[in-house]
Amino acid sequence: MALASLRTPFKATYRYLQRQAHENPVIFWSCVLGFTSPIFAFTVPPIRKHFFGYVPPPPIPTSYPLPQRARRPIQGYEDEE
Numbered sequence: 001m002a003l004a005s006l007r008t009p010f011k012a013t014y015r016y017l018q019r020q021a022h023e024n025p026v027i028f029w030s031c032v033l034g035f036t037s038p039i040f041a042f043t044v045p046p047i048r049k050h051f052f053g054y055v056p057p058p059p060i061p062t063s064y065p066l067p068q069r070a071r072r073p074i075q076g077y078e079d080e081e
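In this note's numbering, the protein residues as written are 1 to 81.
Calculated directly from the structure, the hints in this document are not laboratory data.
Since the model is a prediction, treat every value here as computed from it, not as a measurement.
Incorrect hints may have been included.
Stated by the list, open to error - Pair ranges (Cβ atoms, derived): (1) 34 <-> 56: 24 to 30 Å; (2) 40 <-> 10: 22 to 28 Å; (3) 18 <-> 47: 29 to 35 Å; (4) 41 <-> 15: 45 to 51 Å; (5) 47 <-> 14: 28 to 34 Å; (6) 57 <-> 24: 35 to 41 Å; (7) 21 <-> 60: 38 to 44 Å; (8) 14 <-> 45: 29 to 35 Å; (9) 22 <-> 59: 31 to 37 Å; (10) 46 <-> 15: 35 to 41 Å; (11) 54 <-> 78: 25 to 31 Å; (12) 22 <-> 54: 37 to 43 Å; (13) 72 <-> 46: 48 to 54 Å.
Glycine included, C-beta positions come from ideal geometry on N, C-alpha and C.
Input sequences plus hints: build the corresponding full structure.
Structure representation (structure tokens):
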């Protein structure tokens with residue numbers, strides 16, 4: 001009797017999910033993807049790096065690179081008085 005009482009919640013959940021898969025497949029599959037996404041978040045990047053040779057792109061520059069020379073003063077753009 002104790003074993004049957006342990007399986008009852010899982011059996012009811014399975015029947016509910018089976019019914020939802022037939023009546024509301026969009027909601028069912030969105031829940032399935034939502035529950036499996038944490039697993040994918042931890043398993044897909046190592047697989048992609050190991051098997052497919054993925055290399056992350058270089059970081060995007062956040063400023064304009066300045067030339068490594070002395071700056072010349074600008075001439076010819078003075079205001080007229």
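Query raised in the report: What are the numbers of the hints that this structure violates, sorted from low to high?
Result: 4, 9, 11
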